[in-house]
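Engineer: Following the hints, complete the assembly by docking chain B onto the known chain A.
Here the protein sequences line up with chains A and B, keeping their order.
Position in the first sequence (first residue = 1) + 1055 = our numbering.
Position in the second sequence (first residue = 1) + 1055 = our numbering.
Think of the hints as simulated: they come from the structure by calculation, not from any bench.
For clarity, every value in this text was computed on a predicted model and none was experimentally measured.
Just to be clear, a hint being listed does not mean it is correct.
In this list, chains with the same sequence are indistinguishable; a pair is considered to hold if it fits within one copy or across any two.
As the list claims (entries may be wrong) - With a Cα cut of at most 25 Å, we get these calculated SDA-like pairs of lysine to any residue:
#, residue 1, residue 2
1, K1335, A1199
2, K1205, K1293
3, K1220, P1195
4, K1123, Q1173
5, K1280, A1410
6, K1205, T1222
7, K1205, S1110
8, K1145, D1170
9, K1220, A1234
10, K1220, D1200
11, K1293, T1095
12, K1389, H1454
13, K1392, R1239
14, K1197, Y1236
15, K1388, D1325
16, K1293, R1099
17, K1280, T1240
18, K1377, L1168
19, K1406, A1276
20, K1220, R1329
21, K1123, G1198
22, K1388, Y1217
23, K1280, T1238
Number of protein chains: 2
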Amino acid sequence: MRRNRTSPLILSLALLTALSCHTPTNYARAQVTDDSQPATSNVRGGQYPRVHSDSRVTFQFKAPAAQKVQLQPGGGGESGLGSRTLDMTKGDDGVWVVTTPPAVPGFHYYWFLVDGVQVNDPGSETYFGYGRPTSAVEIPEKGADYYEAKDVPHGDVRVRWYHSKRTGQWRRAYVYTPAEYDTRTRTRYPVLYLQHGAGEDERGWTNQGRMNFIMDNLIAAGKAKPMLVVMDCGYAMKAGVSVGTGQQNFMAQIGGFEEVVLNDLIPTIDTNYRTLANRKTRAMAGLSMGGFQALQIALGHLDTFAYIGAFSSPPRPGFDAKTAYNGVFSDAKKFNKSVKLLWLGAGTGEKGFYASTKAMHESLDTAGIKNIFYESKGTAHEWQTWRRDLYEFAPLLFHD
Amino acid sequence: MRRNRTSPLILSLALLTALSCHTPTNYARAQVTDDSQPATSNVRGGQYPRVHSDSRVTFQFKAPAAQKVQLQPGGGGESGLGSRTLDMTKGDDGVWVVTTPPAVPGFHYYWFLVDGVQVNDPGSETYFGYGRPTSAVEIPEKGADYYEAKDVPHGDVRVRWYHSKRTGQWRRAYVYTPAEYDTRTRTRYPVLYLQHGAGEDERGWTNQGRMNFIMDNLIAAGKAKPMLVVMDCGYAMKAGVSVGTGQQNFMAQIGGFEEVVLNDLIPTIDTNYRTLANRKTRAMAGLSMGGFQALQIALGHLDTFAYIGAFSSPPRPGFDAKTAYNGVFSDAKKFNKSVKLLWLGAGTGEKGFYASTKAMHESLDTAGIKNIFYESKGTAHEWQTWRRDLYEFAPLLFHD
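In isolation and in its complexed conformation, chain A is listed as follows (with noise of 0.2 Å):
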């Protein structure tokens, strides 16, 4: 029996090797001679998809006895990695390719169609978006690094569990604090409440849209003030309600979040974390449905919120300032004098949501109301809009 110090640590490695690890061997094809890299949505190792100088993307899957595999990019026809979904061309070694055009910078969600079946890229993370895990892949967009990692002071995000008696469950919270929140331990902060969008959760903003980096390097420059950042899950039950599938019962999962917000969430906040308890050092924001619960709840509330951001919100139809929103928009003397920002935000690249926000926006100037109009050129309804949303949105907070 061998006795040396290497040759148990080998012998044992090799075990867990074969009994729990592996790089992802759905793309065998290693042999990369150009200048494309991993992208950093990919798994730890993951060597596709492969992003190229140029933003093309190459993905690869390996499905030997599949008659079709298909590239599905998210967003319904508008996303920034192409609006088709591409066919795959197989190889002799039973993996399938494709290399997309260039793509818009940002992050976007795909996935495989494997003889018709969805199915995700193993060299993807996943990210919660369409009610499941999904993956997506991240294109860099030159010249700009406001999201990254820098070496800069960086806050925490925080996961924080609280039962809410509205739904009757334990919900999942993550929770922003800045980088100063441990030392400073005297001093109490603004809170923004910023919500993901349909089908995301509260992992969206950290995970897909790298929240936490904005922050930092925002508050590190100076540009934001230090605040909390608090994102839940836009979807909440009230208790004994039951939901069946489809969109008829989408009402029913999202019903009970206005009274889990103000009822069962700030109170968890005020509680547990040192904040600035009132409306003019509170925020609330959020994308596309979260934008819609934004404006439906901080409208709604504006003893409780003084800044309001909707990012790439829905459209809403007929709307008219004078009515919407139980006529909160009537009086713009007052409204303006009560509310310190209305943001309303939307990419170029998303048509119906850009139209509709800037019809929104024209009808509010119209009617005198002050409020932001932010368009975020060339993207569409996904997470580079909202993270520029974001940048833009968070330095004019509690300014008041």
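Structural biologist: Structure of chain B alone, referenced to chain A:
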């Protein structure tokens, strides 16, 4: 144009659901007439897998065009979900179904083989294991609630990014702070460094292991001292080292971890959190590969750690107490005075690990080395074993 309150709402939400949200659709049969419940490890609203009251589990996967669909448990033949890959049966609706025999309680990785391709279950959350996002099913253990969320004070699990000089990269650690941490701002705390297994990462102990609930419950009951628990990624390549694929490069993948722990991670934690920074208030433990690392790092640095836990550590063929770990066990009196706890755990259902752990324990006993051998009855090389390890191990920490 309709202007009542609900109609634009419903139109907007219909758009949202069409665009980006759905209840998972890969299982179409929702008519459940038995006593089964969706697994708590499922995605929000996911109806399958379902766990029956006798711990059988029913899985579904929709793949109308597939020729063969199988359920494959993780664990290399020693899963609590069963040792065999099970064929699933196709219904007229293209949904493949299988119900397992009664499963062992705990957390079991699995995936589907769809015409040979490994595919995750869209109804399951993903958990990072096997080097990729992986499906899993939680089987309740009757009478065991020590890892459930209870009405006790809850600590936060903090996501902490730090830059590692040794790897040249940004790394992510998870840091559990006990509930009292934010209010007792002059108290400093001992630290347990707690590692995941091969193929997993820094998220494992929280998402799979529920360590935060275990610690919350132990601390609230006065059974464990309030402590920080730091969970890092056990993979760390030294800067400049490259890695290909396969197990021959496994050593490169973990080769930098010891230096990262000692020179990057511990200083980061001691700088950013109120720790008691000395050997008697520092423990290291881990499961499987992490147990191997805990033994290697802590036994090699008794100036840094006084408490050591190896949960299902891999076999060390030829283990000899006289020579192992550079002879650290050769002077039993000295060792026993220095090391406050040496814990070796294994499940009776993990044959190789159990036998080798017990053999190491007996060899150390013979050599006069104080150590505790813990056996988890009936559980395999899986998370229920390690949850029990932590629940029994943590109360023994930091009493000296």
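Engineer: All hints, please: hold or fail.
Structural biologist: We went through each hint and held it up to the structure:
no.: 1; hint: K1335 - A1199; result: neither (31 Å within a copy, 46 Å between copies)
no.: 2; hint: K1205 - K1293; result: between (41 Å within a copy, 20 Å between copies)
no.: 3; hint: K1220 - P1195; result: between (42 Å within a copy, 24 Å between copies)
no.: 4; hint: K1123 - Q1173; result: both (12 Å within a copy, 16 Å between copies)
no.: 5; hint: K1280 - A1410; result: neither (32 Å within a copy, 57 Å between copies)
no.: 6; hint: K1205 - T1222; result: between (39 Å within a copy, 16 Å between copies)
no.: 7; hint: K1205 - S1110; result: within (23 Å within a copy, 48 Å between copies)
no.: 8; hint: K1145 - D1170; result: both (13 Å within a copy, 16 Å between copies)
no.: 9; hint: K1220 - A1234; result: between (32 Å within a copy, 21 Å between copies)
no.: 10; hint: K1220 - D1200; result: between (41 Å within a copy, 21 Å between copies)
no.: 11; hint: K1293 - T1095; result: between (38 Å within a copy, 19 Å between copies)
no.: 12; hint: K1389 - H1454; result: within (19 Å within a copy, 62 Å between copies)
no.: 13; hint: K1392 - R1239; result: neither (32 Å within a copy, 40 Å between copies)
no.: 14; hint: K1197 - Y1236; result: neither (32 Å within a copy, 41 Å between copies)
no.: 15; hint: K1388 - D1325; result: neither (31 Å within a copy, 52 Å between copies)
no.: 16; hint: K1293 - R1099; result: between (39 Å within a copy, 15 Å between copies)
no.: 17; hint: K1280 - T1240; result: both (16 Å within a copy, 23 Å between copies)
no.: 18; hint: K1377 - L1168; result: neither (47 Å within a copy, 57 Å between copies)
no.: 19; hint: K1406 - A1276; result: neither (34 Å within a copy, 56 Å between copies)
no.: 20; hint: K1220 - R1329; result: within (23 Å within a copy, 33 Å between copies)
no.: 21; hint: K1123 - G1198; result: neither (38 Å within a copy, 48 Å between copies)
no.: 22; hint: K1388 - Y1217; result: neither (39 Å within a copy, 48 Å between copies)
no.: 23; hint: K1280 - T1238; result: both (16 Å within a copy, 23 Å between copies)
Violation of the numbered hints given earlier is confined to hints 1, 5, 13, 14, 15, 18, 19, 21 and 22; the remaining hints are satisfied by the structure.
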